[in-house]
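Visitor: As a plain string of letters, each chain reads:
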Amino acid sequence: MNQSNLLAQILEWMPFVLQGFVLNILMSVLAIAIGTTVGTFLGFGQISPNILIGAPAKLATQLFRNAPWLVLLFYCIFLMPYQVNIGGVMIQLPSWLRATIGFSFPVAANFSEIVRGSVNSVPRGQWEAAEALGYSRRATLFRIILPQCVTRMVPPWMNLYALLLTATPLSMIVGVEEALGRTQAAVQAQSDSRVLIPMYLALLAMFFLYTWPINRLSLMLERRFRTK
Amino acid sequence: MSLKALVLTAALAAIGFSASAQAQSCGDDTLCKVKAAGVLKIGTKDDYVPWSYRAPDGGFKGMEVDIGTKIAETLGVKAEFVKVTSANRFEFLAQGQIDLMIASASDTAERRKVVSFVHPNYYSSGYTLLLPKAVTATEWSQLSGQTVCAVQGAWYNKPAQEELGLKVQAFAGTAETEAAMTQGRCIALLEDDNQINVRLSNPKWADYHKPLPSQADTPWGMAVRQSDHAAPFGLAIAGMIAEMHRDGSLLEMEKAHGIANSAFLIKMHEALKDHIN
Amino acid sequence: MITNIQTFFQDLASSGINLTIFYDAFDFDRFITGLGNTLLLILVSAFLSIVIGAGCAAILTLSNGFAAAIVRGYIALFRNTPLIVQMYFFYFAIGSIMPVGRNELGLPQPLISSFSWAVLSLSLYSGAFNTETFRAGIGAVHNSYEEAALALGYGKRQAFFSVTAPLALRFSFASLANNLVDLTKATTVAYAVGVAELLYVSNQIWSDSLNTIEMMNVMLVIYLVLTGAVVFIINRVEAAMRLPGFGLGDGQ
Chain P
28 MNQSNLLAQI
38 LEWMPFVLQG
48 FVLNILMSVL
58 AIAIGTTVGT
68 FLGFGQISPN
78 ILIGAPAKLA
88 TQLFRNAPWL
98 VLLFYCIFLM
108 PYQVNIGGVM
118 IQLPSWLRAT
128 IGFSFPVAAN
138 FSEIVRGSVN
148 SVPRGQWEAA
158 EALGYSRRAT
168 LFRIILPQCV
178 TRMVPPWMNL
188 YALLLTATPL
198 SMIVGVEEAL
208 GRTQAAVQAQ
218 SDSRVLIPMY
228 LALLAMFFLY
238 TWPINRLSLM
248 LERRFRTK
Chain E
271 MSLKALVLTA
281 ALAAIGFSAS
291 AQAQSCGDDT
301 LCKVKAAGVL
311 KIGTKDDYVP
321 WSYRAPDGGF
331 KGMEVDIGTK
341 IAETLGVKAE
351 FVKVTSANRF
361 EFLAQGQIDL
371 MIASASDTAE
381 RRKVVSFVHP
391 NYYSSGYTLL
401 LPKAVTATEW
411 SQLSGQTVCA
421 VQGAWYNKPA
431 QEELGLKVQA
441 FAGTAETEAA
451 MTQGRCIALL
461 EDDNQINVRL
471 SNPKWADYHK
481 PLPSQADTPW
491 GMAVRQSDHA
501 APFGLAIAGM
511 IAEMHRDGSL
521 LEMEKAHGIA
531 NSAFLIKMHE
541 ALKDHIN
Chain L
43 MITNIQTFFQ
53 DLASSGINLT
63 IFYDAFDFDR
73 FITGLGNTLL
83 LILVSAFLSI
93 VIGAGCAAIL
103 TLSNGFAAAI
113 VRGYIALFRN
123 TPLIVQMYFF
133 YFAIGSIMPV
143 GRNELGLPQP
153 LISSFSWAVL
163 SLSLYSGAFN
173 TETFRAGIGA
183 VHNSYEEAAL
193 ALGYGKRQAF
203 FSVTAPLALR
213 FSFASLANNL
223 VDLTKATTVA
233 YAVGVAELLY
243 VSNQIWSDSL
253 NTIEMMNVML
263 VIYLVLTGAV
273 VFIINRVEAA
283 MRLPGFGLGD
293 GQ
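Chains as they are written, first to last, in this note's numbering: chain P, 28 to 255; chain E, 271 to 547; chain L, 43 to 294.
In case anyone wonders, no lab produced these hints; they're calculated from the structure.
Every residue, glycine too, gets a C-beta built ideally from N, C-alpha and C.
Each hint should be verified, as a subset may be incorrect.
Reference excerpt, derived from the structure (chain P facing chain L, CB under 10 Å, subset only) [said to hold, decoys possible]:
1) Ala94
2) Leu99
3) Cys176
4) Val177
5) Val181
6) Leu190
7) Thr195
8) Gln211
9) Ser218
10) Ser220
11) Trp239
12) Asn242
13) Leu244
14) Leu248
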């Protein structure tokens with residue numbers, strides 16, 4: 028009797044927690060999109076022979092790779108304004124959006140390293156051959172090197188996405204209403220310590236069920252694209 | 271790719287392009303802006319039973335939620351509750367993410383440097399320990415050096431350590447502090463005395479008691495931005511709080527949430543009530 | 043000298059930059075405690091995670107039975123769930139069902155402290171990533187080395203431990219450095235279970251003194267220094283262990 032009450036109680040709170048999980052997914056998708064875009068440019072910047080571009084790009088990459096994600100989150104939540112006035116229109120930046128931008132920085136830095144690593148893994152000979160054929164550096168990069176890199180970048184990129192998703196619960200510390208924060212609130216409201224284990228198990232299961240297929244897919248793609 | 275675009279659009283729509291024209295003609299007047307938007311954004315906690323906590327449908331419940339709803343009704347707008355934590359509540363207010371904060375914040379001089387508290391204060395509490403009956407201490411000095419569990423961000427964590435010599439183990443919320451105490455990581459809970467009273471009225475806590483005298487009874491305050499303190503918005507809130515003390519609404523709300531009527535509310539009601547009726 | 047520093051920072055506070063940790067003795071004490079705990083967390087967890095990672099990688103390479111299946115399950119679980127949720131689960135959920143001892147007063151006393159739970163959680167989390175790292179390192183060692191060892195009469199296990207493993211270790215350094223940097227940053231999560239590390243004490247300080255921005259800046263600088271130190275140490279170890287004639291494996 029008691030057990031079924033407990034289960035019913037927990038199930039009552041599941042939609043509340045699942046809505047929070049949707050926010051985790053939304054944040055991760057946006058952050059990976061922004062981070063990949065910015066990271067691509069940063070990555071190109073890093074491999075540029077021009078020191079004016081190379082040095083700041085390298086610095087930015089190292090800075091955002093080594094800063095704790097939580098500290099970057101705090102910066103974005105506290106330093107970014109809540110409302111911005113763009114051309115007379117007031118746009119509101121809710122917490123979750125600022126947190127997403129906060130996550131984009133380390134994602135961009137990590138992706139920039141992925142880009143750099145994959146470009147460097149293409150044998151030197153290709154650059155030399157392209158130069159011999161009269162290709163400019165830019166043409167070589169975009170037409171010859173990059174197409175080969177794309178497949179190499181996909182597995183670490185998916186890894187990065189999984190890492191990002193498992194980092195999104197950190198935003199609960201700055202008040203974003205995502206799955207972990209909602210689980211805590213739900214546990215509080217029920218004032219019953221018996222729900223602790225089941226509710227946290229449910230939370231672990233949510234993340235696992237979403238992330239594990241992504242990791243398997245990434246492994247599969249890595250095996251397919253492996254060049255010996 | 272198209273899924274990403276879809277999500278991006280959804281996200282942008284969710285951000286909301288608010289009615290800019292009317293709001294901009296209000297300038298800095300918060301009251302005007304709130305009325306123009308038809309919504310009063312109130313910041314509150316979501317883990318402080320029974321002052322402010324969650325319902326399964328995602329809504330907020332509790333004494334502070336009731337107070338906030340009443341204020342919004344009086345202003346003729348809808349109340350929108352925003353969850354705040356001790357780490358971000360003052361920043362949210364300063365940034366404009368919320369216009370009013372009813373989040374069991376104690377009115378201290380340190381905090382008045384950052385926000386303004388509306389007077390009269392709407393509530394008050396001191397802090398004390400919830401101890402197991404096995405511990406028979408009657409003086410604070412007897413517990414010097416012992417470890418107690420508390421919530422992070424509470425203003426009394428520092429004086430408890432500095433002045434009373436306690437070791438404070440702080441967690442993110444009250445559920446965690448309870449769980450920690452049951453595991454024996456601390457011998458007591460360091461909390462508001464009113465909250466301890468609420469706990470003791472629950473048979474779950476029959477083996478606990480509150481033998482030590484309450485310390486530092488400090489009024490709670492609703493916080494507004496400093497610019498709103500003497501502006502129509504702040505003054506309107508002040509008037510509403512005074513009225514709620516006067517007509518006994520606060521006492522009723524307290525009782526309705528299972529909290530024994532506190533000395534502060536009784537005192538304020540006596541002081542402000544009508545001398546004729 | 044100390045009072046000079048204190049007065050300097052007190053003056054700075056009046057001009058807007060409030061760094062109480064430098065002029066308030068209580069805040070200074072707890073900040074140093076936090077820093078010390080962070081360092082301890084990093085050192086102990088790093089050591090344990092390397093041990094776990096190496097052990098699990100060895101199991102995965104040498105056997106294919108039950109032990110390997112458990113290791114695979116462990117890695118799948120710990121890499122696909124958030125660290126903060128893992129730590130909550132360990133501390134609050136599992137911690138609540140562990141047996142409790144009794145101290146002199148007859149009050150309950152937990153067997154495993156919050157620090158220990160944090161170390162356990164961090165080590166297992168980082169250990170899962172290290173296992174992948176070491177496995178990749180083992181994979182980078184060309185088959186010919188193992189074949190040569192076998193031809194010389196080494197047993198399979200012997201060949202692994204005497205020939206493959208040392209080479210694999212050298213190939214793993216770059217990725218290991220990455221993992222240890224992640225671990226350094228991840229120690230902030232221990233704040234959620236009440237371990238008095240850097241973020242926890244900074245949170246307490248800024249709750250009291252309302253100097254959030256200053257404390258965040260201080261934390262950023264400290265973590266940059268810590269991660270820089272970790273990378274530096276790994277690089278030195280790698281340089282000291284370098285074998286002549288070995289580059290970065292087959293990729294370059």
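Visitor: Now look at each hint and say whether the structure bears it out.
Guide: Going through the hints against the structure:
1. Ala94: holds (6 Å)
2. Leu99: holds (8 Å)
3. Cys176: violated (13 Å)
4. Val177: violated (17 Å)
5. Val181: Violated, about 17 Å.
6. Leu190: holds (8 Å)
7. Thr195: Hint on Thr195 (chain P): holds, closest Cβ of chain L at ~7 Å, below 10 Å.
8. Gln211: OK, holds: Gln211 (chain P) within 10 Å of chain L, min 8 Å.
9. Ser218: violated (15 Å)
10. Ser220: holds (7 Å)
11. Trp239: holds (5 Å)
12. Asn242: Cβ of Asn242 (chain P) sits 6 Å from chain L, so the hint holds.
13. Leu244: violated (12 Å)
14. Leu248: Leu248 (chain P) check fails; min Cβ-Cβ to chain L is 16 Å, beyond 10 Å.
Against the hints set out earlier in the document, violations occur for numbers 3, 4, 5, 9, 13, 14.
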